Amino acid sequence: MSLRISQVGLRGVVGTGMTAAHVLDFASAFGTFLAVPGPVVVARDPRASGVMIREGVVAALLACGRDVEDAGVAPTPVVQHSIRRLGAAGGVSIGASHNASEWNALKFLGAEGSYLSTAEASELLDIYHLKKFDFVEWNRIGKLRPCANAIEAYIDELATHFDFDALRGYRVVADCCNGTSSLILRRLRERFGFDAILINEKLMGVQFAHSPSTTRAMVELQLAPLIRPLKADAGFLFDVDSDRVALATEEGEAVSEELVLPILADYLLPRGAGKLVITNLSTTALLEEIASRHGGKVVRVPVGRQAAIDALSSYRPEQIAVAGEGTGAVMMPQFRFVYDGIASMLAILSMMRERGQRLSEIVHGYPRYSILKGQEPLVSQRIPALLMKLRERYHTGKANVEDGLRVDWPGLWFHVRVSQTEPAVRIICEQRGEPPRELFDALLEQVRSFA
Amino acid sequence: MPREHLLKIGVSGIRGVVGEFLTPALACAFAQAFGTYVRAGRVVVGRDTRSSGEMLQHAVNCGLLAAGCDVVDVGILPTPTIQIYVGATRASGGLALTASHNPPEYNALKMFNAQGLFFNNYERSELLDLYHQSSFRQATNPEIRSVSQDFARPPEIHLRRVLEHVDAGRIRRSRFHVALDAVNGAGAVMTPGFLTEALGCRLDAISIDPTQPFPREAEPRPDTLGDLAGLVRRTGAQVGFAHDPDGDRLAVVDENGCVLDNDDVLALAVDAALRRLPGDVVVNLTTSAVIDDIAAQHGRKVHRTPVGEANVVEMMQAVHAVIGGEGSNGGIIFPAVHLCRDSYTGMAFLLDRMSETGKTVSQLAGALPRYYRKLGKAGYEHGKLGALMQALEESFPGAETDRSDGLKLMFPGAWIHVRSSNTEPILRLAAEARSESQMEELYGKVLRLLEG
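Going down the list, the protein sequences come from chains A and B.
For the first sequence, the working numbering gives the first residue as 1, with consecutive numbering after it.
For the second sequence, the working numbering gives the first residue as 452, with consecutive numbering after it.
Isolated chain A (complex conformation) (with noise of 0.2 Å):
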């Protein structure tokens, strides 16, 4: 599918799928939608799709009234900083994230910078199916100016809750997969001196260097092999707007996605109040075993970002250590809650100096956990019975259907659910110690035999 069109906003492969006529229809439902006064943050990803979007993107905005600040190419963290620092009223990040280039995708962004909640994000929805939005009269259209130093004060940020002094001795290599981290890493070398080596740091619009998830393997493509012969102490994978990250250690090993929400909590548990971690059904147990430590609580919800905002606003933001994904997502609660690659990238670097250990220390020093993941396509009709048989088959273990169907036993859980964005279902299984191929296997040869 080449489109979609759902809560999480608008999505698609650009010219097969999505045109300007959803562009300008999608930015107009979010200039009516807009409640509260101010004007409101656009930035773009790289994409060569960014420069035909923001056009309409801006058209649409300053047709409903709104003044429109131009953040130019930034990464998503900043266009959030941005709307609290100015007090705008919202914000449209532009680009698909970790999705390949063809791809492109409008992000809203409410008040303060935060995700819009399904609430909001239906409302918006609606208004763009009836087409009937709110554009002003000729002599009250919104004006167009550029949002200079988004990027310097985006940094101003940082600076007040790292410490870069104590940051500066250690050596890291990013790939930025051509997008948006390369212009703060390169700001953070420039003011701080902070000791960073790029690759793939040139913007580029149509080809990236490689696929940009923040996966394990691709982190094994380019960026960990570099690492031992530069002498670095640890590697980051961005994605092309900087919201997600995926580590190397300093011995040049590529870590699972999975462990970057469990890093981060580990180090930030301890840290607080807040004593909840907030992940989905699909991310590892390593987590419950950190929490655990801590004295703090796993609180599961179902997959997609849209879920996880929802659950974050039924907590006071101090009991909140963390929040995120098993694919390198995190929001902390100093940044507002807010996927942010940088950001997740100087607290792991910060833990590493507290604790006076390398990444590999820390990495290896939680018990292994393995995990295994899978896709297997079938129709929407069959999804029910399917659900229902792996329930009857898995009796033993306590089942979850929030998203799916999830199912745990000590040490061992499997998890599946639908695809978001694909006619498909997604296998996840994992154990603590060796991979749980048996269960992964038969749970994948029945999915195979209701296709």
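If you're looking for bench data, these hints aren't it; they were derived computationally from the structure.
Please note: incorrect hints may appear among the correct ones.
Stated by the list, open to error - No farther apart than 20 Å at their CA atoms in a straight line, the calculated lysine to any residue pairs in the SDA-like style are these: (1) A:Lys143 - B:Asn572; (2) A:Lys143 - B:Pro664; (3) A:Lys132 - B:Phe472; (4) A:Lys131 - B:Pro664.
Said to hold, decoys possible - Ranges of calculated distance between the beta carbons of each label pair, as one might list FRET restraints: (5) B:Ala603 - A:Glu112: 34 to 44 Å; (6) B:Thr591 - A:Pro146: 20 to 30 Å; (7) B:Gly644 - A:Arg336: 33 to 43 Å; (8) A:Pro146 - B:Pro729: 49 to 59 Å; (9) B:Asp853 - A:Thr16: 26 to 36 Å.
All values derive from a computational prediction rather than experimental measurement.
The C-beta atom is built at its ideal place from N, Cα and C for all residues, glycine as well.
Place chain B on chain A using the hints.
Just chain B now, kept in the frame of chain A:
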């Protein structure tokens, strides 16, 4: 009550009241149809100073980029300057965001082909079909180009061409004292420099801030140019020039502060052009017979067309005319510069004739054959137009008739023209005669017929 046309999508493109009617989505879709029609390549986009211009330009950019075009943003410029730049830089086409003389709540898209000319009727209807079919080219990520800017070159190219056709040195030596009212429109960015730096005039100008709204009604007419007339009288300027918001039309105020009839301004330009170059003249049916008299003085022929710049331009191409235009709306078209309405040629010609003859504007205009004209409009009911025209023709037996655009009835030394407007649901009336009484008699007779 005539129905108001708050949005019009037709062969002339898109025109409407911005906001509820002319939406960014419409502008974007039309631009994408245009980009598809010109088969991508470089497309030039410029605009006048309307407050909706910036918003619509982004919408148009979006549509063009989505069709795979390279967008060249030339910013705020007069329409002729944009057209000349399109032709001179061999672009695939151009778009100007301007509703010309319409009130500020309106905006519109004007479309130009690779030569920088308005689309002809066939091109327009093809584009319109494409728009209605929504069969747009949808560029994918690697096919999407970008937006570049060129603010400096378009005025240079335009003004250099204009200055080739006058004795700029002589004009500069005359040190004319000129007044200007640019209606805070696109002319505000170019005309002051043209008059002072290129032509050495001393300038007293009003309404030359493109960031401000139009301070007067946008169409330059005797009843809207009071401020300019006052400025001329107060400063003792030798001539006053006025623009419409997109700087293609010209109105002239003489040294006494009297606004010249637009047909006379065109007549002076025709005279200036025919003194320099041999060839025919093309004007629309509503333009004064003074043009015929001037052409006859030079032994040249006048061709008449239906009202509308595109019609005049098409005929000018066909007969290789030296000059043409439309009297009532202040349009002067001089193909040696470009086949478009160009107020800069009009200003240069008039200053050139002043410096050549040493005469004042009122003297030059006073030397023209004298006609009395009256223009007006009236509402009408749909379906009644044919009968109305028939009745009109029958009540003037013996008149020579032209039915190519409404009905024009011609008598010795006088004429009447009645036609339905292209842009509004009204009838436009015009009458001209050698004497004021004859003109009033003809005009009154038409009005009575329409009301009866």
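Evaluated hints:
1. A:Lys143 - B:Asn572: Violated, at about 36 Å.
2. A:Lys143 - B:Pro664: holds, 15 Å
3. A:Lys132 - B:Phe472: holds, 12 Å
4. A:Lys131 - B:Pro664: Violated. A:Lys131 to B:Pro664 sits at ~31 Å, over the 20 Å cutoff.
5. B:Ala603 - A:Glu112: 34 to 44 Å: holds, 43 Å
6. B:Thr591 - A:Pro146: 20 to 30 Å: The hint (20 to 30 Å, Cβ to Cβ) holds, given that B:Thr591 and A:Pro146 are roughly 29 Å apart.
7. B:Gly644 - A:Arg336: 33 to 43 Å: Cβ of B:Gly644 to Cβ of A:Arg336: about 51 Å, so the range 33 to 43 Å is violated.
8. A:Pro146 - B:Pro729: 49 to 59 Å: holds, 53 Å
9. B:Asp853 - A:Thr16: 26 to 36 Å: violated, 53 Å
When held up to the earlier numbered hints, the structure conflicts with 1, 4, 7, 9 and fits the remainder.
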